[in-house]
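Trainee: Next come the chains, spelled out residue by residue.
Number of protein chains: 2
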Amino acid sequence: MPSLAPYFRDLDYSYALGLFPSAQLMQKRPELARRLLVSSRAENSEGLAALREMCRLHHVREERADKALARVSGKENCFAAVVFEKFQSQLSGGNHLVLHHPGDKGNLGTMLRTALGFGFLNVAVIRPAADAFDPHVVRSSMGAIFGLNLRYYDDFEQYRAQFPAHALYPFMLDASVPLSQAASQAQPPFALIMGNEGSGLPPAFAALGQPVRIPHSGEIDSLNLSVAAAIGMYAFTNQAQEREV
Amino acid sequence: MPSLAPYFRDLDYSYALGLFPSAQLMQKRPELARRLLVSSRAENSEGLAALREMCRLHHVREERADKALARVSGKENCFAAVVFEKFQSQLSGGNHLVLHHPGDKGNLGTMLRTALGFGFLNVAVIRPAADAFDPHVVRSSMGAIFGLNLRYYDDFEQYRAQFPAHALYPFMLDASVPLSQAASQAQPPFALIMGNEGSGLPPAFAALGQPVRIPHSGEIDSLNLSVAAAIGMYAFTNQAQEREV
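Protein chains in written order, with our numbering: chain A, 428 to 672; chain B, 428 to 672.
Think of the hints as simulated: they come from the structure by calculation, not from any bench. Keep in mind that this is a model prediction, so the values were computed, not measured. By construction, the Cβ of each residue, glycine as well, lies at the ideal position given by its N, Cα and C atoms. Incorrect hints may have been included.
Now the in silico label distances, taken between C-beta atoms and shown as ranges [unchecked claim]:
| hint | chain 1 | residue 1 | chain 2 | residue 2 | range |
| --- | --- | --- | --- | --- | --- |
| 1 | A | Ala556 | B | Arg640 | 28 to 36 Å |
| 2 | A | Gln614 | B | Arg488 | 54 to 62 Å |
| 3 | B | Glu473 | A | Ala594 | 18 to 26 Å |
| 4 | B | Arg468 | A | Pro615 | 29 to 37 Å |
| 5 | B | Glu512 | A | Pro615 | 49 to 57 Å |
| 6 | A | Phe447 | B | Gln589 | 45 to 53 Å |
Throw the hints in and build the complete structure from the sequences for me.
Mentor: Printed below as a string of structure tokens:
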């Protein structure tokens with residue numbers, strides 16, 4: 428392996444920064460791990476010992492890498508990281524979260540974390556889109572990315588061709604059906620579709636399925652994207668659970 | 428007014444960065460505005476013209492301030508801002524969002540935006556806490572801060588002494604009552620209480636009201652704070668609306 432580069436999108440590897448995301452990587456996808464990087468300023472915590480043990484079991488070599496860690500983590504001051512190979516998965520037939528042109532790294536990471544928490548184990552990302560493997564996304568996902576099936580598509584049609592039967596719920600500000608109503612009637616498998624932070628979904632999405640609106644006051648233009656996605660996933664899973672009771 | 432300083436917490440003024448947050452300020456609390464700052468690189472957009480007109484109406488002087496804008500906005504490349512006096516409000520008797528030791532600026536801004544969207548017009552922040560007037564918080568709130576009653580308290584007891592009758596709903600990972608149940612039984616006025624990003628709420632909060640849990644899988648440790656707060660506010664307002672129907 429050549430020396431470690433500052434992260435950029437076209438690299439075939441990235442960095443899980445910090446103990447928690449690194450531990451998630453080693454638990455969920457240890458076969459992707461290439462190296463454990465530890466700073467000489469790292470304290471000998473229980474978390475670090477556990478990470479070292481997982482890396483040892485999977486024959487992942489440890490090296491001291493102060494400069495690489497400082498460069499990749501920036502001001503966030505990260506003392507341990509695991510270098511991992513990027514991956515893409517085949518999505519399964521369960522419920523999907525479809526992110527159409529997500530632009531913000533922090534939002535993307537947060538949405539991945541929420542998706543894992545609400546059992547949306549399949550995430551489709553439609554390009555152009557933020558890079559889910561950017562170390563800051565991996566970190567803001569708290570390593571959730573390693574527990575998901577994640578796949579990038581060049582456009583929505585490419586995704587739809589693979590999953591023609593999913594009921595589609597595009598989230599749109601001007602939709603007539605409120606979230607609680609849509610969620611109470613949804614039958615799996617379904618796909619919740621969220622648009623870009625600034626521009627939302629193109630109007631044509633309204634004809635693709637059942638558009639959904641999250642009711643909020645006119646005092647704000649819109650909810651933050653990761654907030655809207657979370658409320659959508661919560662409502663759809665929660666309604667499903669209540670029907671099962 | 429002396430020359431503009433880089434932002435720090437003890438200043439009695441701050442900056443609404445960008446057209447949208449600045450316009451919110453001028454609409455909601457124009458009496459706080461001190462100066463309009465415009466970069467020489469700003470384009471003559473409709474938004475800027477509207478902001479200038481609002482500032483003119485309220486006798487807010489415009490000045491070219493490339494250096495101040497670059498310094499305060501950092502890499503975010505902001506071309507217009509309004510300098511405003513910090514404020515604190517008296518909370519009203521409506522429903523409250525209580526943020527106990529929020530640490531992250533982005534989360535705080537997002538929670539303010541969500542609170543305004545769901546009609547939680549009163550936000551109590553318990554110290555130590557991130558600074559709601561930090562320009563990055565104001566920006567991530569999309570100016571929502573100007574539409575809210577916001578008050579800092581030194582501790583929870585100080586807040587509680589002012590509002591002894593609000594039903595308290597502390598959000599805790601180990602609470603036995605799920606969100607949907609708590610929300611369906613809530614009678615206003617109530618206060619949703621959210622803990623710190625890393626440590627949550629101290630265990631003693633469980634005895635102060637009805638602890639609430641947002642059900643999620645064991646695959647994640649917890650939801651992001653701004654996500655949890657949003658789901659909580661959505662569920663409590665949505666259930667209330669459904670009861671009214």
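Trainee: Taking the hints in turn, state whether each one holds.
Mentor: Hint by hint, here is what the structure shows:
Range check, Ala556(A) to Arg640(B): Cβ separation about 33 Å, and the 28 to 36 Å hint holds. Taking the beta carbon of each, Gln614(A) and Arg488(B) are about 60 Å apart, inside 54 to 62 Å as hinted. At about 39 Å, the CB distance of Glu473(B) to Ala594(A) disagrees with the hint of 18 to 26 Å. With their beta carbons about 50 Å apart, Arg468(B) and Pro615(A) fall outside the hinted range of 29 to 37 Å.
Our hint of 49 to 57 Å for Glu512(B) and Pro615(A) holds, since their Cβ atoms are close to 52 Å apart. Taking 45 to 53 Å as the suggested C-beta distance range, the pair Phe447(A) and Gln589(B) does not conform, at roughly 38 Å.
Checked against the numbered hints given earlier, this structure breaks hints 3, 4, 6; the rest are met.
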